[in-house]
Amino acid sequence: MAPKKKEEPKPAAAPKPPEPEPPKEPEFNPAEVKLEFTAEQIEDFKDAFQLFDRTPTNEMKITYAQCGDLIRALGQNPTNAEVMHVLGKPKAEDMNVKMLDFDQFLPMHQHICKAKDRGTFEDFVEGLRVFDKEGNGTVMGAELRHVLATLGEKMKEDEVEQLMAGQEDANGCINYEAFVKHIMAG
Amino acid sequence: MGCGVTKSNQLQLKPCDRGNISVPAMRAALLIQRWYRQYVARLEMRRRCTWNIFQSIEYSGQQDHIKLYNFFGYLMDHFSSANSQRNLVSQMFGESEVFQDAEWERRFCYKDIEVPDVYTGPHLSFPLSISNVTELVHAFKNKQVQSFLSKQQNSFMYMLQSQSFSSVSGSCRSECLSADVSPQKLHARYVLQLLGKTWTLLRLMPNISHVGTCRHKEITICGDLHGHLEDLLLIFYKNGFPSAETPYVFNGDFVDRGKESIEILLVLFAFLLLYPHNVHLNRGNHEDHIVNLRYGFTKEVLGKYQVHGKMILKLLQKIFSWLPLATVIDQKVLILHGGISDKTDLNVIAKLDRHRFVSALRPLKRKGASAMLKEAALSADGDEEFSAGRRRVQSLSHGTPLRLRQELPRHSVHSESGRTGRSVEEELRERRRLAGLSLSSDSDPAEVLETDADEWKQIVDVLWSDPMSQNGCVPNKVRGGGCYWGPDVTQEVLDRHKLQLLIRSHECKQEGYEFCHNGRVLTIFSASNYYDVGSNRGAYIRLGPDLIPHFKQFQASRSTRELTLRQSVGRTERSALQALRMQLFAHKSALIREFQEYDPQRTGLISVKHWAAAVEKVLRLALPWRVLRSQLVTSSTQDGTLNYHDWVNQLSVIQPNTEIANTSLLETLYKHHSNLESIFRMIDTDHSGLISFEEFRQTWKLLSSHLQTDISDKAISDLAESIDFNKDGSIDINEFMEAFRLVEHSRAEMEVLPSPE
Numbered sequence: 001m002a003p004k005k006k007e008e009p010k011p012a013a014a015p016k017p018p019e020p021e022p023p024k025e026p027e028f029n030p031a032e033v034k035l036e037f038t039a040e041q042i043e044d045f046k047d048a049f050q051l052f053d054r055t056p057t058n059e060m061k062i063t064y065a066q067c068g069d070l071i072r073a074l075g076q077n078p079t080n081a082e083v084m085h086v087l088g089k090p091k092a093e094d095m096n097v098k099m100l101d102f103d104q105f106l107p108m109h110q111h112i113c114k115a116k117d118r119g120t121f122e123d124f125v126e127g128l129r130v131f132d133k134e135g136n137g138t139v140m141g142a143e144l145r146h147v148l149a150t151l152g153e154k155m156k157e158d159e160v161e162q163l164m165a166g167q168e169d170a171n172g173c174i175n176y177e178a179f180v181k182h183i184m185a186g
Numbered sequence: 001m002g003c004g005v006t007k008s009n010q011l012q013l014k015p016c017d018r019g020n021i022s023v024p025a026m027r028a029a030l031l032i033q034r035w036y037r038q039y040v041a042r043l044e045m046r047r048r049c050t051w052n053i054f055q056s057i058e059y060s061g062q063q064d065h066i067k068l069y070n071f072f073g074y075l076m077d078h079f080s081s082a083n084s085q086r087n088l089v090s091q092m093f094g095e096s097e098v099f100q101d102a103e104w105e106r107r108f109c110y111k112d113i114e115v116p117d118v119y120t121g122p123h124l125s126f127p128l129s130i131s132n133v134t135e136l137v138h139a140f141k142n143k144q145v146q147s148f149l150s151k152q153q154n155s156f157m158y159m160l161q162s163q164s165f166s167s168v169s170g171s172c173r174s175e176c177l178s179a180d181v182s183p184q185k186l187h188a189r190y191v192l193q194l195l196g197k198t199w200t201l202l203r204l205m206p207n208i209s210h211v212g213t214c215r216h217k218e219i220t221i222c223g224d225l226h227g228h229l230e231d232l233l234l235i236f237y238k239n240g241f242p243s244a245e246t247p248y249v250f251n252g253d254f255v256d257r258g259k260e261s262i263e264i265l266l267v268l269f270a271f272l273l274l275y276p277h278n279v280h281l282n283r284g285n286h287e288d289h290i291v292n293l294r295y296g297f298t299k300e301v302l303g304k305y306q307v308h309g310k311m312i313l314k315l316l317q318k319i320f321s322w323l324p325l326a327t328v329i330d331q332k333v334l335i336l337h338g339g340i341s342d343k344t345d346l347n348v349i350a351k352l353d354r355h356r357f358v359s360a361l362r363p364l365k366r367k368g369a370s371a372m373l374k375e376a377a378l379s380a381d382g383d384e385e386f387s388a389g390r391r392r393v394q395s396l397s398h399g400t401p402l403r404l405r406q407e408l409p410r411h412s413v414h415s416e417s418g419r420t421g422r423s424v425e426e427e428l429r430e431r432r433r434l435a436g437l438s439l440s441s442d443s444d445p446a447e448v449l450e451t452d453a454d455e456w457k458q459i460v461d462v463l464w465s466d467p468m469s470q471n472g473c474v475p476n477k478v479r480g481g482g483c484y485w486g487p488d489v490t491q492e493v494l495d496r497h498k499l500q501l502l503i504r505s506h507e508c509k510q511e512g513y514e515f516c517h518n519g520r521v522l523t524i525f526s527a528s529n530y531y532d533v534g535s536n537r538g539a540y541i542r543l544g545p546d547l548i549p550h551f552k553q554f555q556a557s558r559s560t561r562e563l564t565l566r567q568s569v570g571r572t573e574r575s576a577l578q579a580l581r582m583q584l585f586a587h588k589s590a591l592i593r594e595f596q597e598y599d600p601q602r603t604g605l606i607s608v609k610h611w612a613a614a615v616e617k618v619l620r621l622a623l624p625w626r627v628l629r630s631q632l633v634t635s636s637t638q639d640g641t642l643n644y645h646d647w648v649n650q651l652s653v654i655q656p657n658t659e660i661a662n663t664s665l666l667e668t669l670y671k672h673h674s675n676l677e678s679i680f681r682m683i684d685t686d687h688s689g690l691i692s693f694e695e696f697r698q699t700w701k702l703l704s705s706h707l708q709t710d711i712s713d714k715a716i717s718d719l720a721e722s723i724d725f726n727k728d729g730s731i732d733i734n735e736f737m738e739a740f741r742l743v744e745h746s747r748a749e750m751e752v753l754p755s756p757e
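Chains as they are written, first to last, in our numbering: chain E, 1 to 186; chain Z, 1 to 757.
Chain Z with its partners taken away, still in its complex shape (with noise of 0.2 Å):
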């Protein structure tokens, strides 16, 4: 053909049509265009709402851990032990348990572990060599082929629900029961025996590693992991293994949330062993044992470390606090992993001791102080009220007012700036003196005290802030830690210490990466699909002399690849609408009673603009209910009204797996089920999976003082026997969570739907 280029010889249209287009061929591009474009945006639409609700709902857990986690440093810092609660959470925080390092070292000791015949997995000699390594990290990887199939079932959406990782499918759980000789499974003995060593290592780094490019090595730098050895290995792929020739800086969240934490840390300590001087881990607000014993680490060391778990636990507590806290390059680039405040000195953070913050959401203890401590460093504001006999909770759902929708953060943006104009000396000035403590009584001078406190609010700081668009630096109360700072800060805080940029993690971004604060400010992710398959890409940052940041960007998971845009979004909705019903249903009495508000003559229909406000306000969410109500609310609506019994009648048909006759008991169940998790995983010290009766019952009253509920004993004697699945008096714990795990029951297989209060 003379004219015109053809994409096949299928094209039809001959030369000479080209001259004249039909006006209907015409018009019919154009319309398929305008539509094209419109299912575009309204794709975009419902994926950042889908966003959205993932969002919220993970920092809302986030705070409510905190909240939880203070409510016991409270109980411990007021009350004698005369008072049992406060035993039990002592006992929890295993306080009993302090030794020397080299007593610890005895007890870490590998040396009378046996690796049996029937291991075959790999065997790692001392000091390592890069064989040693490579086969390490291709035998997890032949894991993660087997245990393909068994990650499909492994959702967010288990996640978000038990938000601690409870989603074990059967087969997985089975293969994690069988004994410390799994093929592909590092042995105790090697675990305790590479994570000595590392412990070892650390302990002669500094609290901040400087490092350069020199000349034309370019260092690479990662951000979350959480337990994504898929990514992690893909980075590998893409990038080469680290080595001299090619540095990697890993920033912290290696763990958490996805099912590989353990090997994750095994592969990175390994390489760290191996290049000291090329490898760099900087700490993020994951490592943590409290943490970890919310979000799914701890099980999953427990899980396929029955015998040896324990111990691997303790050691990791150790070497957690003993990882860097930040990495300088050329004297110009910061990275560290959540960010800074404007009271940020890396002076103060070179000098300080580390490793005696062994969890940063607990202040040191010091007698009779720590109570300011804590008050002081988390989240100071002057807003909330507290009373001499009752310390401030960090709350919102203590007498702070009902913000506006527009109010509320959504994109980690906060509406308040510098509410709190008091300095932490300021504070601690005031608590004391409001406990009435005489200083006598604390043989330690009021200097040191401070001392502590300001550089535990260092540290804190550094592993939990966020970016915000305004200037000024405030609480970071969406996640309960460290602030969230402004564009001034960044400034102030960079000119100081004369640096150019900063690199942070800690934030899921949608293309692994996000700049703010005009470019001086650098989010990095590399956790994939980190909300579900299809959420979001992962991606590294390589950085030559130039110090400018080049970006690789990755999705893990072979099932993204195939699934168009529109099917990804789709099932990202699904989940996240499916989270948020969960939590709708957990919340069904509030949201009765505060329709109800609303519908003052009982008529049982509200309109949607109230419908709206009632649930903002009762969930705490900040989301486009308006947009999201075609997808909540499936009952027609007339003229603007729904009624909202029928509504809630609807959320029903997600029920947990079992036959509690009380409701109300179910419905605090659900809605505290990841504190009572929290707390169950604290109170099994000994690791069993196991707690008996007693510690049941005295779970339900800790938590119903920290919710200020009655709970009678009589419903939790009721509860604990129809739990009692083995029927042998105690209760296991896995089990339990599994029950309450909300599924959705065809309308078919349920007798009789609760009927609205």
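Excised from the complex, chain E in its bound form (with noise of 0.2 Å):
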């Protein structure tokens, strides 16, 4: 007897959700936010957010789209979406037009500084070891990609390929424990 293959109803309805999303926030208010960092910190942003000044005449200004890759310039890995919310979750085209300044921009980045749940390198193995299915260390590299490029805050296949090159071994394998050395290292 055929084995029957039935696929089991997807639950169409229910919206999957993309990522296990912070409980609905109250929008995020800059003046809630207290500032804790030493004033050698403070010093240390401004030379990095000065990096990422493209203005005419040195304003210290920033735009919006520049804001999450300064936070992770400085060592945060926020989500997209928690760098959209400390923006004020703003249009997508406003993203290259509407500024920020080195005030504004202290307190969001105070309040990644401060979210918990960062990851640590155990957790990040950890997560890898979901899709370990042999149990030996390794995870394919097909699926690891297909998982990054339709998951959770989607990859772009050249984003994909960046992150995987010189990973996999002959057999598409990749050691995931190397590999998250490997990110985290950069």
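Don't read these hints as lab results, they were simulated from the structure.
Values in this document were obtained by computation on a predicted structure and should not be read as measured data.
We put the beta carbon where it would ideally sit given N, CA and C, even for glycine.
Where hints are given, some of them may not hold.
Cβ-Cβ distance ranges computed for the label pairs, FRET-style [to be verified]: (1) Z:P24 <-> E:K114: 21 to 29 Å; (2) Z:H138 <-> E:A81: 32 to 40 Å; (3) Z:G240 <-> E:L35: 54 to 62 Å; (4) E:D158 <-> Z:K552: 34 to 42 Å; (5) Z:V348 <-> E:K156: 50 to 58 Å; (6) E:G75 <-> Z:N518: 31 to 39 Å.
Using the hints, put the two chains back together into the complex; each one sits in its own frame.
Spelled out as structure tokens, the structure:
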């Protein structure tokens, strides 16, 4: 008897949550953020901010689109949703147009820095272990690519390529501990 | 499988899983994506830092060069022939060699040069045929393949350090030293013949070439090549050789920095001779023998053509001065190398005698008045002080107040605007008054002098200027020549000439091209990997009758393709940091002094904030020092302070390959070695590569005048003796520079660390 290949009905009605969304937060209010950075840290941030500043007269302003990059360059790793949240959920067309100055940037950065659940090395490895079907410390490159491009805050194909460049062995497998180290070292 | 697209049949997610992706998997995906985005952002920041480093060092070197050159001009103009230094400079400039063109033609004659049978390179016959030129290109290409391995050692780091490309590795050097019969090098006879024909042709051309896109022809426009033959070949490969169907414009800076400048010139000139109506060459600021002395072209030619190099260089000097200054397409698109200024007037440019301006750095010589010409055209700035006996020197180190970091130009942005309200004429009058010169001693009427100054300024602006984002037009202090011009100037100048677009080069761009000024100015740069492997792409433009530019980008070098983004950023970054450390090392004493200003109690510690301020002040490079701190300061900093003696000692890991005991002389030597080398090469008028002790001593005297420091005679003699490697009484310039090329020594190799002062 042929095994019934019955598909379970997809819960099409229920929206597939793309990511575990943070509980509906009130809108981000910069005034409520208490700045806890030291003076030294602030100087460091200023330097980095200036590096991203492309204004003609070095006005110390960056675009909304750059904000996320700057926060990440300074060592945090928010999701895109988190970045949008601190920016006040701007429209897509505003991203390259609206600017923020350093004083506006600080509370946003502080909020992201305070967020819990940044993800440690272990969390990361745990995450990848989910895809380790054989429990041997490796995941299939192809599977990982698929996941990164279709789940969560999807990555584009060339971004996935970038990430995975040189990571797979001859069988298309990735040793994920090494992979995680590679990412976190960047 | 019924549902779901699978990338490969190894995908293990079963169909039924698709409906309820596990939460852990979701979390995992998010986590990875977040980390990836952080990784990319950090990489981008590192890349930007690296870029800033390279560009600031590059421009500061250029500025330095011009300062030196201005100093020579000053000597020439203000001292009589009784002064030995002035004579030295006069000799260096070769001002005694003035002949008519006919006489030069006789001297450049190739006819007596025999081509030996052992020569296996290309043979040219004139008029050139397509197969001749193709053969030439292939010959150079083959040589490329052979020397690929030695090219690997070619890094910008060497270039930066020596500022005049002394990185010829051992194997490469011996390759060059073999006589003019090495297989893929074009024989000197053909070189001179080709160049001679080129000179003849160029003398017939106007200052501004006018080109039309006839109905369906597309014109290809290339930017700086800087001796990167590989990039030129790549362009030809992708786009086709120049021909009647494929016209080209090459926008200057064919030579210097890269190792195959002469090959590029030969190829471009060959195509020019073949298709004079379809190949257009614009002059760049590097088509200038004075600049070539510093940036490697002179050295390359002398290395490759031991016997005839000097003659070749002389002929090239003529050719460079005869290169057209601009190209206009369909009366609508202006193409020139550097840029414009608010004074740019194409009518003036079209009418002047371009060949009189052999070097854009040196104004025309007129009795008693050239000082004024020079002062007027090269960066007039009302702020800098001058006194009667001492002319203003183009310099940041005399009297200009230290500006805050925000104000130092980082991306050729200038924060002052229009500080100088004076026009060229007013400047001249002022100078003349101060100099107390009576007009009667000068047989030329005042207007002629002003015309000269005006014309010279037109040319300098065209070859050296950079765009800036703010309105206005100010002197380009970063480079030391030309202007920074703003969008309002673009609009005014283009509208005045009824043009719609300005295409220029002169600045390296990461993607090979960049628009600015509301899309009316386009920078095109064709030397990929300019700073180092992986630093940038090159690009070229295809322009059809619709005059809308289409870009093609490329990146040469096999090794780039194999590197991941992270690896190439890492590699370029390492070069940049190394170059920066060398700059820091060169300023060791000044740094310690500056640190001590912040540490009156001599605790040996300063805050990070003060460290950054001090380094910026001493080095005069507008860089994000705090961001770079983690890579430049490896000793630990506790509560925001660092031990600066320790840090400076760390820098001492970089040392020259020599045993000079006098450390302060050493430091001066390293700090100014580019200037030193420029002077050496100028002194070496017979281009033998050797200078005598006496010339060496005079060089130092000259340098110390320029720097206004004291270098004792004894120190100089000691130095000269210790570096006379051949012990034959003369000093080999190449060996000298090689000895002072900084290398990293492991701590074990060093016996004694120089103690902090």
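Hints, verified against the model:
no.	hint	result
1	Z:P24 <-> E:K114: 21 to 29 Å	holds (25 Å)
2	Z:H138 <-> E:A81: 32 to 40 Å	violated (57 Å)
3	Z:G240 <-> E:L35: 54 to 62 Å	holds (60 Å)
4	E:D158 <-> Z:K552: 34 to 42 Å	violated (19 Å)
5	Z:V348 <-> E:K156: 50 to 58 Å	holds (52 Å)
6	E:G75 <-> Z:N518: 31 to 39 Å	holds (37 Å)
When each numbered hint is compared with the structure, violations occur for hints 2, 4.
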